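Fit the two chains together into the complex; they arrive one by one in their own frames, and the hints show the way.
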Amino acid sequence: MSNTTPSLDTVLNTDTLEDTFPEYEGQLVDTITDPPREADRVSATDVLPDTLAEPLEHDLYSHQAAAIQELQAGNNVTVSTSTSSGKTWIYTLYFCLRKLQNPDARALFLYPTKALSADQERAINDLFNKLGIDAFAETYDGDTKDDRKKLIRDRVDVVISNFAGMNQYLESHMKWRDVFQNCELVAVDECHTYTGVHGMHVAWVIRRLRRLLDHYGSDPQFVCSTATIGNPREHSELLTGTDFQVIDDDGSPHGRREIAFWEPPLQETDGPVDELGEDEILPSMRRNADDEAAGALVHLAKNDVQTLMFTDSRQGTEIGVKRAIEAARNHPESSYVDIDPYHAGLSKRKRRAVENKLSSSDLDGVISTSALELGIDIGSMDATVLAGYPGTRQSFWQRIGRAGRGTTDSLSVYVPQSDAIDQYILDNPEYVLEENVEDAVVDLSNNPVYAKHVLCAASERPLTEADAEWFGLEDRLARAIDMWQAAGQMVGDLDRGAQYNGSARPQSDISMYATTDEQYKVRQEDGDIDMEPLDKERVYREFYPGALVLHDGDQYEVQEVVEDRIHPYVTVEESHSSNYTQAIHDKQITDLEIDRSYDLGNGYQLCAGMGTVHINYSAYNVLNIHTGEVVEPLVPIDLDPIYLRTQLMWIAFPDQAINQTLQEIPSISYLQPDEGSEFASMGEEEYTITGGLHGGEHGMIKMAPLELRLDNSDMGGLSTLYHSEVGSAVWFIHDAVEGGIGFAHSIYENFEAVAQRTLERIDDCDCGRDVGCPACLMSSQCGNQNEPLHRPAAVSLLGKAINQVETTTSD
Amino acid sequence: MIGLTVLPEPTIEQCERTQLKDIVHYFDSEVVFTPDQVHEPFLNATLEDSVEVMTQPLARGRATQIACDDDTRLVWASTPAELEEAIQLTQTGVLEDRPECFILSDQLRVSVDLIDLEAHLDGLAEYRAPFDKHDAVDAFTHLTVEANPKYRAEWEGIDVQGVMPGANKQQGASGAGVAHFELQAGGVVGEKTRKLSAFGLQAVDQVGRSRAATLNEAGIQSRQDLESASVHEISKLANLGQQTARTAIESAQVIEHGEIRKAPGASLPEKDPIFIDIETDGLNPTIIWLIGVYIPSQDDRYMPFIETDPTQPATALEEFLSWLSEHGNNRPIVAYNGWNFDFPVIHEHIDEHCPQYLDFWESTHRFDLYDWAVRKNNALLPGLTNKLDDVAPALGWEPLDTGLTGAEVGRLFQRYAANPCPATELDWERHKRYCEDDVRALAHIYDRVATATRRMTTTNRRSTSATEDTTSQGTLNDF
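Residue numbers (our numbering), protein chains in the order written: chain S, 1 to 811; chain B, 1 to 479.
Same shape as in the complex, but just chain B (with noise of 0.2 Å):
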């Protein structure tokens, strides 16, 4: 596996050494690419030998490979002349053992010509022919610098994805972004994209790019000095109110020391809790094929109600339902972030494929721990960002690193569903390790904000990075 970050013009512009140092150290990158050479003094500066800096080469003729290891491979090939060397190079030795191959460019570009309801990718016959002449095109996994991150799309066998933010408008506009892909075996891509404001200083509730730059003139350049600080001396540095000040402080701290504080008052359901987290085929789908369900109080018990079947999208549902309403006692079922997509998503599909669990659905009592804590400011997470991904390993959860995102997995049921046959089958008995893991960090976060006991000293604070967060509503991404 191969982490690779990549960095837009716009972002490594503005980027502090403090972020980027954070970027990396979030990401665990080994890779981090971005486009204009002028910068790699910087990145090598800040950076030093802990990741391999590229730029987008200038010299043009030969293929760069960037990095490889037992299983992958990651190239640079823009020219037709580069491509062939790329192939070349990759497609040697003994079939089985060969690593596999992802090929970064320049060349595809993704276009939509509205009126003509046509899509296009521009310089793909040119790009394909080396690949065709070594009958090589499902050997690689095109990566362009041309498409957004989350962009992934067959053409004619080149499967393409996207690994710029802010490539194409079309796809998409975005402010400063940070991508980063774990490249793996069987061209499964794990694509994160979080925002340039979720590192450094900037990843402090109340601390915008304008502050960052006042704190950082102030000689407050990290968070770590930020906790430090006292709110006289913060409001004084950096001309902040004392009620701002106070939150930024205490945002730093409960980033920095890992720890859970809650509003006075605040207080979660009493009842056990039953965990839920579901797998689907995409943002609005056509099934939910995993429901994972974990009741601690019961045994710690993890239960996997999935369906692999593509056309029987009632199956794991309505198995979950004769469940719950036999053995759920009325506990509170929660997942994080469901108001957003789990609740939402079993409660339409409910109504199309088991409408006789309507009531019984619509009378259980849904509890989102997301909403909860970070919209309703009920408590303050760690974590660079409020997803459970970063907030369960910030209060020492040691996730299984899977390298796969919610995105991903819908993509590979599609593929399977469009395609049902060995070689697109999902190792479903992996999927349910995954599914239960993700229960598991939920539980845990539930658990610690339970038994925390500190208090937040400031209240009715407007989180940024809660607006922040909630702006990508409606993704898999990591929730």
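So here's chain S without its partners, still in its complex pose (with noise of 0.2 Å):
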């Protein structure tokens, strides 16, 4: 293998893969370059005694510093900068300085996953060592021996867990009575990870920990880690509940890196695509980004290039090495590749292989799910290769960081599936350079979680007038405390002090990633899957029997719902079709509760409030993936109507807004609906205009995940003419799961920048269809078949809902 790593002119250009790439057709659309940066660095003797400077071989970085002088200061910390920068050395060297001054300090450190926790208490004892410090740190989680536990609880220095293990543990506080007291520090690493029904969980699991650390008279510092979001201090402030100080000023360097932005040319297929102008095809008509990738592989291992590939299915990793295999028999480049597929499913002994063989460059290739994203040292690749998007920036970043190590230079191709975000980021590649965009959402209004934390700090200890300091609004904490009560959980009230009655640990009832109790788990028939359980909402959106689901990128056909029982489940079989399933709903929203609102002026409204959202799921169409075609149409549901009282928002638009778009439009490109169908009775201005609402909601749930970091899954809407509530055109964003996650709330407050974007993708489509393509507005989440859909009017009406926020918000 090379010892520098290529550039992209070596291995990518145009004339190069005109000749040497099988097939090539301008692929290469675009290229970035981010240039290298040099490590600001700040001498560790400025900030740390001689003790702790001395024996560190480097100089701090100036972030590094900059928070270690913050919280020396006395204050909360949240440190957003980049993958690697060294955000551990931070707390960890801040408790050095604490151990100093106090040798019985003792800190929480709260990691986000196992293997993580596992990973970093090597890298903390290592640092303790260096700078020759007595203090242990030990992970304390599930996989804790026994005869472990009450050794660490009584002796270790610093604490290691996680927030499902912490949940368990307050119950037992008197035992962690060393540790609660003496806690002079708590990280919470990677918290941009708690966001969603999770993030919730962790917020108030913190809240209760608080409540027991003041119990035993500690206020210790709080240091968040977490990549680069929008909003850190904010998201910091929701999860912990107190005041924190930024560092996001990154002093760490990083080489040249250099991104190809690579399209799939068209499948080749036996059908009229050949025939179709440059402005007919669909992004949905070019190959899958996963075959293309494993293509763009081929050619770098072929150029001595080792490279990583990313994909995100298992079964993608095993198809992209049989891919690779095709590929480089086709390349005229004779060599011969050795390309290995990696991922969590296969065995330890298969995964050390592989990674012993990329450390010692024995592989040309390894195409890996999101299991070498992280964590795992494979030594440093030449160049990666990303098939499609990975949801969040801060993933995009830490897969191409996988290729260049420290300040070297680092090469990747980006090939992007055809949905809306990868085309996004394909027109716009400068997207992946913007800084802080995504933000954090978490939200704590959901009353179905607090009210279970509730029970759970009741049993922790007695709740008195005292604890709204944790639990929020006393008007609150009283109701759920008089809901407990009535409900037979509680007794005893907030002046003498409300205590927990029931007969379980509540916090066994905690599901960390769920709102309700109702919880389905999912039993695989032939063979043994590993999925969280899912909502009631969730099994009848996605998981009716006879449809086709994903996890973890493999397909799945329900089999069963199971419900007449104390634990409902759901059977599925592993599947491998080439078929996708859409659910038909019904779809209303009742019963409107306005939180919060803006007055746009001129008619337009935008909301954000609870409603109850009535959903009959009542068949579901088997479609081809590749060429969207209705296989098998309306196969029956025999699934109960379902509602949930949930969060939502809601744009408005004034009938003038509604006459002006369509005058705006042309109306050579008005839409009929077909007879028989439920808009029938519809006239085409109608039908079209609510096409334009319909195709502005798909939109925005669609783009949402370029400012806000959330699961559009767990996302639905509506869109009408006129909704009787609402009196007038409206359309509505709600959270799909009970009591609301603070998802349509989080687009509401950040209404114009998704508007924005997504207006942007819409607009610049190249589907250039008015009823748009996969990549602009089409959902296969939707529930009416995507119709109607107009994208002219979508634009227009996104453009003038963005021109009304500007015109409100600029008076």
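Wrong hints could be hidden among the right ones.
A few chain S residues that don't get close to chain B, going by computed Cβ distances all over 10 Å [as the list claims (entries may be wrong)]:
1. A344
2. R351
3. P636
Keeping only pairs whose Cα atoms sit at most 35 Å apart, straight-line, the calculated DSBU-like set for lysine-lysine is [claimed, not checked]:
4. K149(S) / K271(B)
5. K376(B) / K114(S)
6. K169(B) / K521(S)
7. K376(B) / K150(S)
8. K150(S) / K271(B)
9. K145(S) / K271(B)
10. K114(S) / K169(B)
Computed footprint of chain S on chain B, listed as stretches where at least three residues anywhere in the stretch have a Cβ under 8 Å from a Cβ of chain S [what the hints assert, rightly or not]:
11. 141 to 151
12. 272 to 285
13. 340 to 349
14. 411 to 421
Just so you know, the hints here were simulated from the structure itself, not pulled from any lab data. Keep in mind it's a predicted model, so treat the numbers as computed, not measured. Beta carbons are placed, not taken as given, at the ideal position from N, Cα and C, and that holds for glycine.
Here is the structure:
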């Protein structure tokens, strides 16, 4: 293998590609270069005493020094810098400082995964050793041996754990008394991962923890570390309930990073695709990103560039290797290339073997799931290939960062899938270079989750009025307690102390990824699927019998939904179909309650609040993944209608805006409803504008992840030309989780930015079709079979909404 | 006092004849209630005339008196007309002479709306109307088959007690359970819930539902049959390993003969123990208001450390600790299921109210007899379960039959603390006596364990009943 990382020019320039890449049709559409960045260092002696500064081999990065100084000033700090910029050092060094001042000082370091805990435990102890600090860090979690537990609680200076564990341990806080009494520092690592439902659970566990820390007389400082997100301060403060100083001026260096943007060619079909004009080609007619990326991988490997390719599914890694072998055969360079798959489903032995072959450069390429994204040491690769956008920029850069290390240069190839976000990034490569765009979303207003943690808190210590400090408004706390009392789960009151009165430990009832008790387990009939239990709503939406579902990138077919028992479940079987399913539903939204609203003037209304979403999943279509054609129409679903009370946002348009839009769009583009469809009674104007509203709703849900760290499969929408409670045309975006998780509300808060991205995508889409395509307006989650959709009307309505927001906010 | 035993549908469906007899004998039931009439023949045939069998009346329109004695009365009523009739039936005669009235119905159902943080008692308005009309709301305690046995709450003056195991998933799911209620004056309800598997052959270690069925088919129908059988015979009949058969037979012998067997090498603390039992206001208490201390070796002395003022959570504890630190002489402090309740509660309350005793408390020798015997497998104890209330009588202890449980005492204290007045005040002397009875029962077991000479023949057993008991850890029940 080469010793220096190649540049784009040597292996991926247009001339070489035309000469050597099989059937090259101008796939290389763009390149960007992130120039190298020099380290910004501060002498360690500036912030640390000599005893700590001297044994360090390097000076500190400026952000490390700044963070330690903030901590020394007594503040809580949230550090939002790039991956591997030495964030662990900040809180470990600061702990060393505290330890020098107080030999009894202890700390809690909390990580999102067990794997990360183990990894960090080593790094932290290495640093203690290097600095000659008489301290020890050890992991305390579900894997800890019983005979170590008491020892760790009683003696170990830094206890490393995770939030699912803390949720359970708080019950026996007397055993943790020494840790809590002497706790001077709590580190919450990778806190950007705590969003959505999981984020709220973590936020309440932190409050329960802080309440007990306070009870034991300690008031530790907090350090949060996060990937570069748009709202590090707000997010850390929401998560922990305390104030933070932000350190986000990254002083760590990196080499030159080149990224090639690679558009797959059209699929080879027998159909008339070849005869289509340039503007008639849909992104979905292009080759699958996995297949195409395998070709790029082979090309790099044949050029002596050791390459790591990322894909999203385990199956994808295996299929990718097959594709790579084919591609290698077709490649003019005749040398043999050795490529292996890698994913968590492989045996430990196999994975170690691949890791070793990579480190020793005995392998030309690997196709991996996110399993190789972080943590595992495989040395530095020459290049990476990304089949599809991994969903967040942090993950994008994490994958890119697997090539090149420290200040060495790196080369990457990004191959988009055909969906909206991937296409947006292909069209707007600079997006990946923008700083701090994605906001982490966590929301504490979900009552079901709140109430569960109140119950836990009451079992940890009786709750009194003073606990409003941790559990929010006293009225909310009092209502939760009244409710639990009436339900027989609590006794006492806030004056005397409200205590838990149930029989089982309420902590065991907390599922850190769900809002309701009614959780459906997923069982695989022909294997061992590892999947978190599902909410009822999600089962009805995605796991109806006959549904084809993806988990970890692998496809399963749902066999049965079993509900008539205490522990309901869903059974699935592995599937290898080239189809997907789409549920058809009727949806209504009623009982709106406005929490926040913007009067945008001229009759436009932007609102956030609660509502009841009624959904009846009546049937599903089976469609071909590649062509989108319906293979089997309207298979009935035998499930009762459901409803959920949840958070939502909506934008309402005045009649005037509707009329203007109709005038702006060419009347030749007007759509006609099919005879016999549910819209048959509509005139073409009504039908077209309904398509615009529907398209705006779809587009915003699809594009929200560009601005906000959220899972858009936990959202839904509804658009209508007239909603009786709103009194005008409107589109709604709602959370698909009982009680809400802040997603829809965060779109409300970031309406302009999300709408702007959406407008850009829809307007720029190559499809050029009035009805849009999967890369702009169409959604596989749509309950109306993507009917109607109208791109020019959606563009017009989004433009008007944005304009209205700008006018209002600039006033 | 009326003893009402409730068998929910999943329980009665699985219930064997021997189990049913065991249940009625164990609880000393007067009334056995199960919802579905189809089970009446089975119940009547098995129980003959020993108890009243009651199912949910199908024909509506008449209130049904289920049981009545001098001071308590139990009536089934469901529709408003039946409730009306029940009120007229019971609200006669001189007020002071009227028996305490319990109404059993299927009309009240608790539901929880987590989104709006509200709980509802469905059916309350309609149910309540006839009581309002006769101004008789607080003349009754309202038992509902739509709530779990541990459910007790007041809804606009309607005092609701659940009676049906597994009725309401939101109140906790459970397997097949049997609930028993001692209905007493003052609306006091002593509630006990046991698993069906605590009865009949299944009370024996290593015997679950399927093994019980196999043994049954082979002609071993009761624990008496099992305890007199040979290891060889059982192992052959039920296709069990020798070790398992030996364990099952030994367990049956222990229960049937009321004896104790100790593991080889098992030993109790050398010094004379101090026995304790605490009374609190709940499972995660704000106050320990009574600590009963019994020292047999010091003139058979019983000392109740009590504080009746709910606003003084430190007093009783501090007095106890002051005494203990002066006179404890490093003797072991013995509690039953202490590691699950008494010890951690005391520990936490010391930390909160009198931390000066923390080091002292941590230096004491605390000993949990239940933990030592059952969880650590040092001794086999008789009784259908390993709860104190079952083990002590099996060893010949005659308890004061109070019909009270720890949970009910906690509830009564809560009621007093919320509204301290003569009407709600507890009879403190009575509670001191009850607590005394419990510590003496504990001492009785301890003494019998100490003097027991028989050895377990099986070791390294995985005691099924032990694991079952620990699943109810942290409840105030009967330990």
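Hint check:
no.: 1; hint: A344; result: 33 Å, holds
no.: 2; hint: R351; result: 36 Å, holds
no.: 3; hint: P636; result: 29 Å, holds
no.: 4; hint: K149(S) / K271(B); result: 30 Å, holds
no.: 5; hint: K376(B) / K114(S); result: 31 Å, holds
no.: 6; hint: K169(B) / K521(S); result: 17 Å, holds
no.: 7; hint: K376(B) / K150(S); result: 19 Å, holds
no.: 8; hint: K150(S) / K271(B); result: 27 Å, holds
no.: 9; hint: K145(S) / K271(B); result: 33 Å, holds
no.: 10; hint: K114(S) / K169(B); result: 33 Å, holds
no.: 11; hint: 141 to 151; result: holds (count 4)
no.: 12; hint: 272 to 285; result: holds (count 5)
no.: 13; hint: 340 to 349; result: holds (count 3)
no.: 14; hint: 411 to 421; result: holds (count 4)
The structure is consistent with each of the numbered hints, conforming to all of them.
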